[in-house]
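Novice: Now for the letters of each chain:
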Amino acid sequence: MIKRMIVATAALSLAACAGGHSNIDIDELSEARAAVAASKAAGAERCAPKLQAQAVASLYWAAHEIQEGGHATEETELTERAISKANAARTQAKVNCAPKAAPKVVEIIKLSGVNFANNSADLTPESIAILDGAVATLKRRADIKVEVAAHTSSRGAAAYNLSLSRSRAASVMDYLVSHGIAADRLTSKGYGETQLIADESTRAGEAQNRRVELRVMN
Amino acid sequence: MRITLLLFTLFAFSLPANAGMFSTIDDRANQISAQLEGNNSYHAHLARELANVAVEEKGQHDVTAALEFIRMAEDHAAQAGGSK
Numbered sequence: 136m137i138k139r140m141i142v143a144t145a146a147l148s149l150a151a152c153a154g155g156h157s158n159i160d161i162d163e164l165s166e167a168r169a170a171v172a173a174s175k176a177a178g179a180e181r182c183a184p185k186l187q188a189q190a191v192a193s194l195y196w197a198a199h200e201i202q203e204g205g206h207a208t209e210e211t212e213l214t215e216r217a218i219s220k221a222n223a224a225r226t227q228a229k230v231n232c233a234p235k236a237a238p239k240v241v242e243i244i245k246l247s248g249v250n251f252a253n254n255s256a257d258l259t260p261e262s263i264a265i266l267d268g269a270v271a272t273l274k275r276r277a278d279i280k281v282e283v284a285a286h287t288s289s290r291g292a293a294a295y296n297l298s299l300s301r302s303r304a305a306s307v308m309d310y311l312v313s314h315g316i317a318a319d320r321l322t323s324k325g326y327g328e329t330q331l332i333a334d335e336s337t338r339a340g341e342a343q344n345r346r347v348e349l350r351v352m353n
Numbered sequence: 004m005r006i007t008l009l010l011f012t013l014f015a016f017s018l019p020a021n022a023g024m025f026s027t028i029d030d031r032a033n034q035i036s037a038q039l040e041g042n043n044s045y046h047a048h049l050a051r052e053l054a055n056v057a058v059e060e061k062g063q064h065d066v067t068a069a070l071e072f073i074r075m076a077e078d079h080a081a082q083a084g085g086s087k
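These protein sequence lines map, in sequence, to chains Z and G.
Each residue of the first sequence is one higher than the one before, starting from 136 at the first, in this note's numbering.
Each residue of the second sequence is one higher than the one before, starting from 4 at the first, in this note's numbering.
Keep in mind the hints are simulated off the structure, nothing from the lab.
Treat the numbers as computed from the prediction; the structure is a model and nothing was measured.
Where is the CB? At the ideal position from N, CA and C, for every residue including glycine.
Restraint ranges, calculated between C-beta atoms of paired labels, are given here: (1) Z:S219 with G:Q63: 17 to 25 Å; (2) G:Q63 with Z:N222: 22 to 30 Å; (3) Z:A172 with G:Q63: 25 to 33 Å; (4) G:D78 with Z:N254: 54 to 62 Å; (5) Z:S219 with G:Q82: 20 to 28 Å; (6) G:H64 with Z:A233: 44 to 52 Å.
SDA-like cross-link-like pairs, simulated, lysine to any residue; straight-line CA separation at most 20 Å: (7) Z:K229 with G:N43; (8) Z:K185 with G:A37; (9) Z:K185 with G:E40; (10) Z:K175 with G:S44; (11) Z:K274 with Z:I243; (12) Z:K185 with G:G84; (13) Z:K324 with Z:S298; (14) Z:K245 with Z:A264; (15) Z:K185 with G:Q82; (16) Z:K185 with G:E77; (17) Z:K185 with G:S36; (18) Z:K185 with G:A81; (19) Z:K185 with G:Q38; (20) Z:K185 with G:H46; (21) Z:K185 with G:D78; (22) Z:K185 with G:V58; (23) Z:K175 with G:H46; (24) Z:K185 with G:G85; (25) Z:K185 with G:G41; (26) Z:K185 with G:N42; (27) Z:K175 with G:N43; (28) Z:K175 with Z:S219; (29) Z:K185 with G:N33; (30) Z:K245 with Z:A271; (31) Z:K185 with G:N55; (32) Z:K185 with Z:A173; (33) Z:K280 with Z:I265; (34) Z:K245 with Z:S288; (35) Z:K185 with G:S44; (36) Z:K175 with G:Q82; (37) Z:K245 with Z:A333; (38) Z:K229 with G:S44; (39) Z:K185 with G:N43.
Work the whole structure out from these sequences, hints included.
Specialist: Put into structure tokens, the structure is as follows:
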């Protein structure tokens with residue numbers, strides 16, 4: 136008799152230890168489950184991770200309390216918490232995951248006279264004074280962010296011109312950074328021969344197209 | 004028979020304590036917290052939340068639930084990939 140009782144008690148203990156109490160697929164949690172699924176679908180794991188984690192943890196905890204029984208107040212509180220956290224996560228995810236509008240050019244500062252050695256990104260000595268003026272402008276207007284844009288004429292292959300313009304834009308940006316302008320206020324972009332502004336039937340027209348600008352972004 | 008049952012009951016309840024289960028939940032929760040310091044990913048947050056539930060359940064003397072929640076917390080901590 137005693138042996139039987141011991142075996143039965145041990146078996147019951149093992150069964151209790153092995154049995155999980157966090158099955159969330161129960162009717163009482165259908166609303167909370169739906170709320171958590173909706174917030175997950177809205178990207179809350181990535182865009183509102185803390186709120187989503189609180190919702191999921193509350194859901195599992197509520198499941199445990201419901202299956203354990205005898206804690207009606209806690210069950211209700213945890214279920215409501217799971218729903219409210221999931222709803223908050225979904226709202227926050229919509230805000231945090233919303234695509235940001237691309238920055239727009241609001242002003243162009245022409246750097247007339249900034250030139251480079253032929254087929255090179257090396258600044259000519261005459262360009263330095265102009266770039267120093269640009270440095271002063273950027274220090275005075277410390278709240279603006281700019282794109283350093285470089286253009287070439289259409290002489291030569293388009294791919295080569297694009298590559299050259301990128302190197303020239305980077306060269307100007309390096310100069311600005313090396314003279315105290317924060318790198319996070321600047322980007323550089325080469326446009327090659329895609330944005331011509333003058334007729335290239337004359338040398339003067341070609342020279343006009345070879346240019347560097349600071350594009351102030353919003 | 005009563006004495007045998009009493010002894011068996013005492014023995015059965017002394018096992019978890021002897022194995023350090025009651026203090027281990029806290030230790031494991033602290034370990035998760037330290038392991039995920041600075042990590043703000045979803046899995047890291049969930050691991051911390053579940054560890055808190057485990058500690059709470061242990062405080063209510065539901066060791067089975069505490070063990071289940073701390074295991075879940077450790078699973079998510081592993082998915083979170085450590086501290087950042």
